[in-house]
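Number of protein chains: 2
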Amino acid sequence: MTSPAPNFYFPAPRVQKFCSQCGALIIQRIPPDDNRVRDVCDNCGAVHYQNPRNVVGVLPVWQDKILLCRRAIEPRYDKWTLPAGFMELGETTAQGAMRETQEEAGAQIELGPLYTVIDVPHAEQVHFFYLAKVLSDELYPGPESLEAAFFDIEDIPWADLSFRTVVTTLEHYLADAKTGVFPVHHYDIPLPDAR
Amino acid sequence: MTSPAPNFYFPAPRVQKFCSQCGALIIQRIPPDDNRVRDVCDNCGAVHYQNPRNVVGVLPVWQDKILLCRRAIEPRYDKWTLPAGFMELGETTAQGAMRETQEEAGAQIELGPLYTVIDVPHAEQVHFFYLAKVLSDELYPGPESLEAAFFDIEDIPWADLSFRTVVTTLEHYLADAKTGVFPVHHYDIPLPDAR
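Just so you know, the sequences run in chain order G and D.
Residue numbering for the first sequence follows UniProt numbering, beginning at 1 and increasing consecutively.
Residue numbering for the second sequence follows UniProt numbering, beginning at 1 and increasing consecutively.
Quick caveat, the hints were computed from the structure, so don't treat them as lab data.
Ideal placement from N, C-alpha and C gives every residue a C-beta, glycine not left out.
Don't take each hint at face value.
Only part of the chain D face toward chain G is listed, based on derived beta-carbon distances under 7 Å [stated by the list, open to error]:
| hint | residue |
| --- | --- |
| 1 | Pro-52 |
| 2 | Pro-121 |
| 3 | Glu-124 |
Over 10 Å on every C-beta distance to chain D, these chain G residues come out as not near it, computed from the model [unchecked claim]:
| hint | residue |
| --- | --- |
| 4 | Tyr-9 |
| 5 | Val-47 |
| 6 | Trp-62 |
| 7 | Glu-74 |
| 8 | Glu-91 |
| 9 | Arg-164 |
| 10 | Leu-174 |
| 11 | Lys-178 |
| 12 | Thr-179 |
Label pairs and their calculated CB-CB ranges [stated by the list, open to error]:
| hint | chain 1 | residue 1 | chain 2 | residue 2 | range |
| --- | --- | --- | --- | --- | --- |
| 13 | D | Tyr-77 | G | Glu-74 | 39 to 47 Å |
| 14 | G | Asp-188 | D | Val-37 | 51 to 59 Å |
| 15 | D | Gln-63 | G | Glu-74 | 46 to 54 Å |
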């Protein structure tokens with residue numbers, strides 16, 4: 001307990017070696033009444049399911065400008081992104097989107113409607129982006145952002161955006177802005193090599 | 001390896017005692033560069049994040065009748081439900097919804113658009129229901145269903161439905177059927193005691 005703290009890390013996604021309930025070695029097999037291989041524990045009987053994660057964020061608009069953050073973390077370090085991050089336990093997608101906006105941009109926003117719902121199966125994720133109105137041009141980017149800034153539409157750094165869900169959400173917004181109607185868009189992002 | 005198989009179980013949600021990477025005891029603390037308590041391992045440095053799960057299903061319609069399944073599993077054993085279940089790794093919400101329909105009802109369907117997206121924060125879940133057209137009245141319910149059956153609108157067993165997301169999805173459908181327009185509905189289900 002007095003040894004120096006280790007370097008913290010996020011375990012290689014989806015790899016489990018020991019049972020989180022009893023500490024015994026895990027094996028991979030199909031449990032009873034199931035139809036796919038799971039991480040199971042033959043010592044205590046625990047079945048360790050794993051499921052996709054949700055990423056929640058906003059498309060924040062301030063007087064016809066778009067708020068973007070430049071990432072201070074991997075993946076996509078130094079790329080520009082819409083404020084977004086993993087949904088946490090106990091919150092709604094809307095609450096998570098507002099929290100991420102606060103953490104990454106420190107922006108005051110008024111949350112609008114859900115705008116894009118995007119399946120990203122190769123990343124084992126679903127992404128949600130809300131429209132949002134920025135209420136002040138004061139920004140206080142947090143440690144996950146190198147900076148936060150407003151961009152005119154014609155100045156969006158398309159070649160330096162972080163993720164395809166960010167690119168496509170912005171593309172939908174620019175298209176819908178011509179009509180002023182912003183319905184929910186739901187679509188999949190295919191595997192990168194399948195595009 | 002030759003001992004009798006234990007009774008398999010799904011560990012009490014969200015409780016972890018041992019590190020899945022090295023088997024050491026887990027402690028709860030705020031890791032560096034984070035802002036909330038996580039399950040962390042001071043032996044190997046693993047941070048074990050936990051996130052909400054997605055439930056994916058369909059609202060299957062056959063000649064003005066609704067397909068429901070009577071649950072053969074807890075929770076809500078014996079209650080009627082729309083076919084739905086936990087989204088699995090590597091699939092889209094649409095693929096998961098089709099898989100669950102096959103597993104629980106054995107129904108041939110043509111998947112329609114995403115219809116309801118429902119935040120259920122107290123259950124740490126987001127539910128997705130798609131509209132679907134049933135292509136044949138032949139049903140082959142699987143082991144998670146006691147039976148599967150078609151219901152006329154006036155015969156829907158409202159008092160014996162499984163979950164509030166099922167109730168509200170059906171309510172939206174009946175209201176929208178009057179206009180023939182079925183937009184995406186996004187809303188939250190509040191805590192039961194807050195209703």
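Results of checking the hints against the structure:
Hint status for Pro-52(D) relative to chain G: holds, with the closest Cβ pair at about 5 Å, below 7 Å. Using the Cβ-Cβ criterion of 7 Å, the hint placing Pro-121(D) at the interface with chain G is satisfied: the shortest such distance is roughly 5 Å. At a threshold of 7 Å, the smallest CB-CB gap from Glu-124(D) to chain G is about 5 Å, leaving the interface hint in force. Separation of Tyr-9(G) from chain D is inadequate, the least Cβ-Cβ distance of about 5 Å not exceeding the 10 Å criterion.
The beta carbon of Val-47(G) is not kept farther than 10 Å from every beta carbon of chain D, the shortest such distance being approximately 5 Å. Consistency note on Trp-62(G): stated as away from chain D, and its beta-carbon is indeed over 10 Å from all of that chain's, at 24 Å minimum. Separation of Glu-74(G) from chain D is adequate, the least Cβ-Cβ distance of about 12 Å exceeding the 10 Å criterion. For Glu-91(G), the requirement that its beta carbon stay farther than 10 Å from each beta carbon of chain D is not met, with the minimum near 6 Å.
Look at Arg-164(G): its CB is around 15 Å from the nearest CB on chain D, clear of 10 Å, so calling it non-interface holds up. Every CB of chain D is more than 10 Å from the CB of Leu-174(G) (nearest about 21 Å), matching its label as outside the interface. No beta-carbon of chain D comes within 10 Å of the beta-carbon of Lys-178(G); the shortest separation is about 20 Å. Taking the minimum C-beta to C-beta distance to chain D, about 16 Å, the non-interface status of Thr-179(G) holds against the 10 Å cut.
For the pair Tyr-77(D) and Glu-74(G), the supplied restraint of 39 to 47 Å holds, since their beta-carbon distance comes to about 45 Å. At roughly 35 Å, the beta carbons of Asp-188(G) and Val-37(D) sit outside the given window of 51 to 59 Å. The supplied range of 46 to 54 Å is met by Gln-63(D) and Glu-74(G), whose beta-carbon atoms lie about 53 Å from each other.
Checked against the numbered hints above, the structure violates hints 4, 5, 8 and 14; every other hint is satisfied.
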